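**Student:** Sequence:
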Amino acid sequence: RYDNMAELFAVVKTLQALEKAYIKDCESPNEYTAACSRLLVQFKAALKQVQGSEISSIDDFCRKFRLDCPLAMERIREDRPITIKDDKGNLNRCIADIVSLFITVMDKLRLEIRAMDEIQPDLRELMETMNRMSPLPPDFEGRQKVNQW
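Residues 145 to 293 (the numbering used here) make up the sequence shown, in order.
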């Protein structure tokens, strides 16, 4: 149990340090986006491990252990790296981009292009575009499936 709490503590502190490093321009946008996305996934998994009678949310955890990480908390609330914009106003463009990327990936698979370096950039862009689309719920099945790929 304490190991799980330590893991959550470490992930939040690491996310705080990453945010500070990005603000100071010590991380490139691509490195930051990849690391932040990975940390947010790790955070969700770590939080599930500690949720229970004493701790019901990350706010409870931070209060209980006097964790002061405002940058990390903002990133956790937004649930996406700061480099991935929320295209609330461009919903139609977002939908068109998602459809286009799905078609591109399907065409590559039909042409039997299976190399990761050929498919991965399109899948990454597809995932980022789906994350920008705010009307999609976080637990949307399509988003989870693309993330698995």
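Any given hint might turn out to be false.
[Said to hold, decoys possible] Derived DMTMM-like pairs (lysine to aspartate or glutamate); straight-line CA-CA distance at most 25 Å: (1) LYS252 x GLU222; (2) LYS192 x GLU171; (3) LYS289 x ASP203; (4) LYS188 x ASP283; (5) LYS157 x GLU198; (6) LYS157 x GLU222; (7) LYS168 x ASP212; (8) LYS192 x ASP204; (9) LYS157 x ASP203.
No wet-lab data here; the hints were simulated from the structure. Source: prediction; values computed, not measured.
**Student:** Work down the list of hints and note, for each, if the structure agrees.
**Tutor:** Results of checking the hints against the structure:
| no. | hint | verdict |
| --- | --- | --- |
| 1 | LYS252 x GLU222 | violated (33 Å) |
| 2 | LYS192 x GLU171 | violated (29 Å) |
| 3 | LYS289 x ASP203 | violated (29 Å) |
| 4 | LYS188 x ASP283 | holds (12 Å) |
| 5 | LYS157 x GLU198 | holds (21 Å) |
| 6 | LYS157 x GLU222 | holds (17 Å) |
| 7 | LYS168 x ASP212 | holds (19 Å) |
| 8 | LYS192 x ASP204 | holds (13 Å) |
| 9 | LYS157 x ASP203 | holds (14 Å) |
Hint compliance for this structure: hints 1, 2, 3 are not met, and every other hint is.
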